[in-house]
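Chains Y and S, in that order, are what the protein sequence lines are. Using this note's numbering, read the first sequence as starting at 1 and increasing by one per residue. Using this note's numbering, read the second sequence as starting at 1001 and increasing by one per residue.
Don't read these hints as lab results, they were simulated from the structure. The beta carbon of each residue, even a glycine, is placed where N, CA and C say it ideally should be. Each hint should be verified, as a subset may be incorrect.
[Stated by the list, open to error] Chain S side only, calculated, beta carbon under 8 Å to chain Y, not exhaustive: (1) Val1066; (2) Ile1071; (3) Val1107; (4) Pro1383; (5) Pro1398; (6) Pro1408.
[As the list claims (entries may be wrong)] Label pairs and their in silico Cβ distance ranges: (7) Y:Ala114 - S:Ala1417: 17 to 27 Å; (8) Y:Thr38 - S:Thr1349: 55 to 65 Å; (9) S:His1166 - Y:His144: 20 to 30 Å; (10) Y:Pro323 - S:Thr1349: 44 to 54 Å; (11) S:Ala1417 - Y:Ile200: 36 to 46 Å; (12) Y:Val316 - S:Asp1238: 30 to 40 Å; (13) S:Val1361 - Y:Ala114: 30 to 40 Å; (14) S:Gly1388 - Y:Tyr5: 29 to 39 Å; (15) S:Thr1330 - Y:Thr3: 45 to 55 Å; (16) Y:His144 - S:Val1231: 37 to 47 Å; (17) S:Ala1393 - Y:Ala156: 51 to 61 Å; (18) S:Ala1417 - Y:Ala319: 31 to 41 Å; (19) S:Val1350 - Y:Ala114: 21 to 31 Å.
[Stated by the list, open to error] Not close to chain S: a few residues of chain Y, all C-beta gaps over 12 Å, as computed: (20) Gln104; (21) Leu150; (22) Pro235; (23) Gly324; (24) Trp327.
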Amino acid sequence: MNTAYAAAGLMWFVVFVYALAGSVDFGATFWRMRAARTGERAAHRVAERYVSPLWEATNVFLVMIAVALVGFFPNAAYAYGSVLLVPGSLILILLALRGGFLSQAYGGTEGHAAWARAVTGLTAVLLPALLVSVLPISQGGLVHAVGDRLALDTGALLRSPTEYAYLAFGLSAGLYISATFLADYARTAGDEEAYAAFRIRALAAGPVTILAGVAALFIIPSAPWLSARLQAQWPWFVASLTAFAAAYAALVQPLPDGRTPGRPRWAVILVGLQFAFAQIGYGLAHAPYLLYPYVTTVGSFTNAAMFTAVLWVVVVGMAVLVPGFVWLWRLFVTDTRYTRS
Amino acid sequence: MAELGWTRALFGTALGFHIIFATLGVGLPLLIALAEILALRRRDPLYRLMARRWAAVFSVFLGVGVVSGTIVALLLQLLWPGFMRLVGQIIAVPFAIEVFAFFIEAVFTAIYIYAGDRISPGWRILSALLVAVGAGGSALLITDVNAFMNTPAGFRLDAGRIVDLHPWRAMVSPAMPTELSHVLVTAYLAVALVVAAFSAWGLLTDRQPQQVAYRRRALDLTMAVAAVAAVLTGVTGDWAGKFLAAAQPVKFAALEGVFRTGTAVPLTIGGLPDANTLRTRWGIDIPGLLSWLATGRLQGRVQGLLDFPRTDWPPLWVHPLFDLMVAVGTLAFLAAASFWVIRLRRPGTVPPTWLLRALVVMGPVGMMGVEAGWVGAEVARQPWTVTGILTTAQAVTPTPKAGLLFLPFVALYAVLALGAASAVRDHFRRHPLAGAVPAETPRVGPVPKVIRSPFADVESHRKRSRLK
């Protein structure tokens, strides 16, 4: 039982990393399209510099979520595989269009490039929303047992107000996280014009994200079992709100040297904490069930031999992944020769 | 049953598309790394130009490969949840390691392509080699799951329950050595042929001396890889055939179109096996050869399809597909052999037109061989997804109408293929070889320290177009 929750905790971590890295990646793709349309060359440059080298490495975490689910919770993988056929395929098609056209958002004729930017930007802004909208499906009420199989009630999904609250949350959170991150990225690069552009976007998207998040979790929840458990986790959500307020303060704090206000490095760290706290609270509330009420965390756990084997792979793999990512980070995020070139 | 057919068609399309880009992703980094090594050792800037041009193509193809690979990884769960539940219990380890192998490929691709001008030549070669290692490892680990599907190992079934499970032993299934080695060397062969086809096409259409010098070097490099890989393809293919005859006799019988068990069985080249007359019609028989290929003895015993219940027979059209694969391998060997015989007899000359034309044709034909081999290998395992353990009908999603997704995905792949092709074409239109080759190609000289990223030209082009 404890090992099942340890595996769930590991999956929580992979999901958390992808939530942040994916938001930055998708958001930056969207901001790049916006900036190209509005002619903000500074913002455009910063967004593009981040996306180009890093999106493929970021995508690894998405595949890792799927692989970890199969390895740790094969019965949950079976259940989700069956019910997510249609929404999952939609996500895959958008993901493919976004990745496939990313390398063509430049090059070719200007018309072709503008078209490719539109495809990548629009798909990128939708993807975090659609990925987050899997959560209401996991909370029960939208999946029914039909005979010996599980089926998603697509009509009920489309009519569910909770679903739209989660969509709005995913959409705004992706834009908020990426704008905050890119603001810091621009400041590191010494690009004050781009910094100002992303700071304004972060300030606009932040409150929307909080509203949508509160609406999804507490105002229009769909599942009574989850609501009760979420309220029991209130300290985590208070901590999350506090981190949000602090991040906001960090972005509006005036600087002594007269540059655009804000300390974006602090804002990025605080936004990371904001989402970590909220995801801990949500994870603890959701923990007993992977797909309510059919799949439980303990009941769908894999055998001990497979758990040990996959755990070893993940530990050794992380030993490779982390230094690799750090090198990548230093080359493309903190190396001013790249960010300022 | 028709629905299962559409679901298989959908997944087959997804995998068939991904295999092209995965194969290119495995082979191109090796060629790039070899070109970088030659650039450093021979101090010949043409090889650096070669590496840069190939890297530009690679980065486009890798993007498509990443998305098509992500689709395959997630479609596996959406279309075959029954299979993935079994995978999670027995053979999840290779999938987990694959994530990290691919991560190595992605990280070092980013470093090689976008930071190549900020790291030393040694690091650059190491990065290219690590891309090749990551890509090859990634492909081999997925193939390892396929080997398990052919010859499951590492567990026992006790009244339907999995017992005595050893996840690491499941990874080293009996089919693993033959299957992995054959997949890897054929990927190198196919990609070397594809790149050689472009060089051959260039030599046919453009006789400017500088471009000829560049393309002859490219042809030498790719055909050297092709020659080694073609020999190894034959060796590993023979090994895989012998293994198949012993370990999966029904699959072997279907691939070779053999109905009756016997000794001194002839090899039937071509032809269509007919389930009604129990004969393979219109084929050419070579007496005793199949026995010799399968067992090493002309009198060796080969099992035919009639030894097995009909419900275990795969579709019989796998035989012509299998022969197509063998024919492609044979042609590739002949092409490489002719190239090197002529190259060594007449050094310093451009290969004759007929050979260049043949090499142009061999590019797509080589990739066709990869596809034929893969489709043949998968279809000949039917009706099983995991031999003797899980049928394809048990593995498929219980959600009805999954086949309706077939057309949207086919449309998606058409868009992706056109997009990738137009991106590569645009790149080479903007960067024609004509302007890129140095007028004189010094054999000896210092290697410039700063090597531009393949996108340096794109960047400057973009800046110019933005200023307009």
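### Query
Between Ala114 of chain Y and Ala1417 of chain S, is the Cβ distance one that fits in 17 to 27 Å?
holds, 21 Å
### Task
Could you check the hint for me, namely that His1166 of chain S and His144 of chain Y are 20 to 30 Å apart, CB to CB?
Violated, since His1166 of chain S and His144 of chain Y (Cβ atoms, about 38 Å apart) do not stay within the stated range.
#### Entry: Non-interface label on Leu150 of chain Y, tested against every C-beta of chain S at 12 Å
violated, 8 Å
### Task
May I ask you to test the hint 51 to 61 Å on the CB atoms belonging to Ala1393 of chain S and Ala156 of chain Y?
violated, 30 Å
### Message
Given Val1066 of chain S as an interface hint, is its Cβ closer than 8 Å to any Cβ of chain Y?
### Response
holds, 5 Å
#### Entry: Range hint 36 to 46 Å (beta carbons of Ala1417 of chain S and Ile200 of chain Y) holds or violated
holds, 40 Å
### Task
Grab the minimum C-beta distance from Val1107 of chain S to chain Y and call the hint holds if it beats 8 Å, violated otherwise.
holds, 4 Å
### Task
Classify the hint on Ile1071 of chain S as holds or violated, based on whether any CB of chain Y lies nearer than 8 Å to its CB.
holds, 5 Å
### Message
Does the beta carbon distance between Ala1417 of chain S and Ala319 of chain Y stay inside 31 to 41 Å, or does it fall outside?
### Response
Between Ala1417 of chain S and Ala319 of chain Y, where Cβ atoms are some 38 Å apart, the hint holds.
### Query
Should the label of Trp327 of chain Y as a non-interface residue stand, given a Cβ cut-off of 12 Å to chain S?
violated, 7 Å
### Query
Given Pro1408 of chain S as an interface hint, is the shortest Cβ-Cβ distance to chain Y below 8 Å?
holds, 6 Å
#### Entry: Hint check: 8 Å Cβ-Cβ cutoff, Pro1383 of chain S to chain Y
violated, 21 Å
Comparing the model with each numbered hint stated earlier shows that hints 4, 9, 16, 17, 19, 20, 21, 23, 24 do not hold.
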